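Fit chain V to the supplied structure of chain D, relying on the hints for placement.
Now for the letters of each chain:
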Amino acid sequence: MTTSGPTVTGPELRARLRRSQRRTVLVSLGLVAPVVLFLILFFVVPIVQMLTMSVHDRSVAEGMPRTAAVIGTWDRDGLPAEEVYAAIAQDLIAGQQARALAGPARRLNQEIAGYRTVIFGTARGLPDAPANGWRETLIEADERWADPAHLVVLQRAVNPLTDYFMLYALDLERDLQDSIRLQDPDQRLFLGLIQRTLTIAVTVTLVCLLMGYPVAYLLANIGGSLRYVLLVLVLLPFWTSLLVRTAGWIVVLQTEGIANTAMLWTGVTSEPIRMIYNRFGTVVVMSQVLLPFMILPLYAVMSGISHWHMRAAQSLGASFPTAFRRVYMPQTMPGVAAGTLLVFMLSIGYYITPALVGGSGDQMLSYFIAFYATETVNWGLAAALGTVLMVIVLTMFLVYSWFFGVDRMKLS
Amino acid sequence: MRKAAKTSALVASTALAAGALATPALADLTIASWGGSFQDAQRLLYFAPFAEERGITITEDDFVGGIGGLRAQVTGGAPTWNIVQVEAEELILGCEEGLFVPIDYSLLDYGEDDFIDGAATECGVGTIVWSKVLGYDADRITGETPGNWADFWDLETWPGQRGLRRGAQYNLEFALMADGVPAGEVYDMLRTAEGVDRAFAKLDEIRDHVTWWEAGAQPLQMMASGEVTMTSVYNGRVTGSNRAEGTNFAMVWDGSIYAIDSWVILEGTPDVELAHAFISFASHPERQARLPDYIAYGATHVDADQFISEDMAAHLPTTPANLDVAIEFDTEFWVENIEALTERFDRWAAR
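Respectively, the protein sequence lines represent chains D and V. Following my numbering, the numbering of the first sequence begins with 1 at its first residue and continues without gaps. Following my numbering, the numbering of the second sequence begins with 1001 at its first residue and continues without gaps.
Because the hints were derived from the structure by calculation, they are not lab data. From a predicted model like this one, the values you see are computed outputs, not experimental measurements. Heads up, the beta-carbon is just placed ideally off N, CA and C, and yes, glycines get one too. Check the hints yourself; a few may be wrong.
Unchecked claim - Covered by chain V, per the in silico footprint, the following chain D stretches (three or more residues, Cβ under 8 Å): (1) 23-36; (2) 108-121; (3) 143-155.
As the list claims (entries may be wrong) - Partial list, derived from the structure: chain D residues whose beta carbon lies under 7 Å from chain V: (4) Arg99; (5) Ala102; (6) Leu189; (7) Tyr277; (8) Ala355; (9) Ser360; (10) Gly361.
Stated by the list, open to error - Cβ-Cβ distance ranges computed for the label pairs, FRET-style: (11) D:Ala146 - V:Asp1109: 45 to 51 Å; (12) D:Ile112 - V:Asp1117: 26 to 32 Å; (13) D:Asp128 - V:Ala1201: 45 to 51 Å; (14) D:Asp147 - V:Asp1109: 46 to 52 Å; (15) D:Arg156 - V:Met1312: 44 to 50 Å.
Bound-form chain D, shown alone (with noise of 0.2 Å):
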């Protein structure tokens, strides 16, 4: 290289300083970029999605497009004009040709049960032209056409973005004056189910914590073989499928099982109990699919702690209780908070196991939606779920790390 030497001058230098610092910028760039392109194809686009969908539905607006451009001039006084309904007509006989109705129906259907009829019903009998005019021939055709609900939701959901599906998800709705309110009691579901799916968590967070602490201690505190033993016991159940194990507790549970059989034979009870397909089946299977996320943190905590600091306490005159409560029990906090977070987060969200030993009454946020996701093809509020089970996880971290600290605490 004749360039390289003594002879190199200030500003050349620094142009090859520059080089070699964005080489080294490129590879470390190229060495994330795997597993960056993934998060943001696999994680953060389908994310930004279910955020969209939530909020944002072009059906009616794609279906109804000389609706969607006239409806907005109804004032909610009265009936629409004739060229609103004009305009309704003409859509629906050019969508019933080239089969467009079925967005639009399905779409209105999800807010009033039945808008399908009224779509398809009244498209199927126009003529091409009214005997006295649109409004009198849609009326007859379907008496809905004149209802201020029925009209009301057809002039919001030609517009694509919708609160719709976020408000009915918190048991929310807008009046015809456009005003939010609660729904009525009788109609109300989601918000019982937050709180259902919040307390099955926490339940099984707090069953895991009192059943994972002293496992987890006693891991930490013997030594040698029984250790392993124990710890092979902890790690099987991640070994096996989850719909094993469900089905497994079900063999164990229900009212010919095992756990019945063996207490009618001991005379623990007279009749069988019903341990399963309610809440307290859901609950103690959920518990046990999840105590290893329980017990790992915890005893990554333990095993760090020197046990000189309990001698210690007890050298200077405290009970082992004492010394257990005020000197052991604040450095395992860091597992605690891991371990109830790790449990909580993904009990929040779990679906196979209530579905399958829970009973009607014990069915998770997930569950519905699943349900709308796959069954009934409304991913709006599929979606708006989903960013409320979203929202609910974040709060959770958000309220832990302000209290604990992100970085201290032990996941494994």
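Here is chain V on its own, set in the frame of chain D:
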């Protein structure tokens, strides 16, 4: 077909995506059905003989349900599949969206009257009939046996838990029939607010005695283990279990609800005439009559019944004696009301 749990929905959509990505076949006809032993039987009876007769190749794929995958195929241009066996709900939704080629009955060997009620529709031709029936374990109920849904509600004569699929679908119908509503009027009744109230009020009577199941295999396990005395269950599963596992489950056809799966031709299929020819071939009554030898679904051709042995016929939803006391699942009603009624069901269950 209602084969499995909705719990497999995720797996299902992944498989669908994979199916859609599969390389476009060079075959003359690509048919998607429900896989497993069911499709094995269809291959033996329909696919292979038709391919041989015409000297063409047929490629197969698995369809796992859902309108989304079909929509993606058709709107994406040339569909990978030509013929798909769909459930009633996809048939209605897909027809409205224009995803299917309207059936030209003049291209079939059979007219619309040659099929049982509800099987010959604008966009599809029925191929199998499956049914949801009242089932019980005949080894456990040995005395007086239940004969209808009113007996299902009779907790005094037959104490014990009852199994029903979680949700409102089917159960509201069963409740109304148990309450004395004639089978033919069930859906008229459900279309009124009073009818829905009445159905939920009837469900109240057995509320604390119902074990809700989710996956199609669960009611069989529940009957076998004695968890439930009676349950709603799919007929094909009962016969399958009795044949393969040697169980002695019995079915009550009175008040059973049947649904039809249909062949549809996806819009964009190049050789529509060939597709019609296949559907015609697969609708041949004698050929249809052999399917129950493998799996206990009913046939859709009215004459197929004559070629089915009496022994077998007793287990099929399409045998006249069984069909006369059954009602057809009203897909239109449920497409429109499933959300409102499922939400109400959960409110009811959580009370």
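Right, here's what the structure says about each hint:
no.: 1; hint: 23-36; verdict: violated (count 0)
no.: 2; hint: 108-121; verdict: holds (count 7)
no.: 3; hint: 143-155; verdict: violated (count 0)
no.: 4; hint: Arg99; verdict: holds, 3 Å
no.: 5; hint: Ala102; verdict: holds, 4 Å
no.: 6; hint: Leu189; verdict: holds, 5 Å
no.: 7; hint: Tyr277; verdict: holds, 5 Å
no.: 8; hint: Ala355; verdict: holds, 5 Å
no.: 9; hint: Ser360; verdict: holds, 3 Å
no.: 10; hint: Gly361; verdict: holds, 4 Å
no.: 11; hint: D:Ala146 - V:Asp1109: 45 to 51 Å; verdict: holds, 49 Å
no.: 12; hint: D:Ile112 - V:Asp1117: 26 to 32 Å; verdict: holds, 31 Å
no.: 13; hint: D:Asp128 - V:Ala1201: 45 to 51 Å; verdict: holds, 47 Å
no.: 14; hint: D:Asp147 - V:Asp1109: 46 to 52 Å; verdict: holds, 48 Å
no.: 15; hint: D:Arg156 - V:Met1312: 44 to 50 Å; verdict: violated, 55 Å
When the structure is compared with the earlier hints, violations turn up for hints 1, 3, 15 and for no others.
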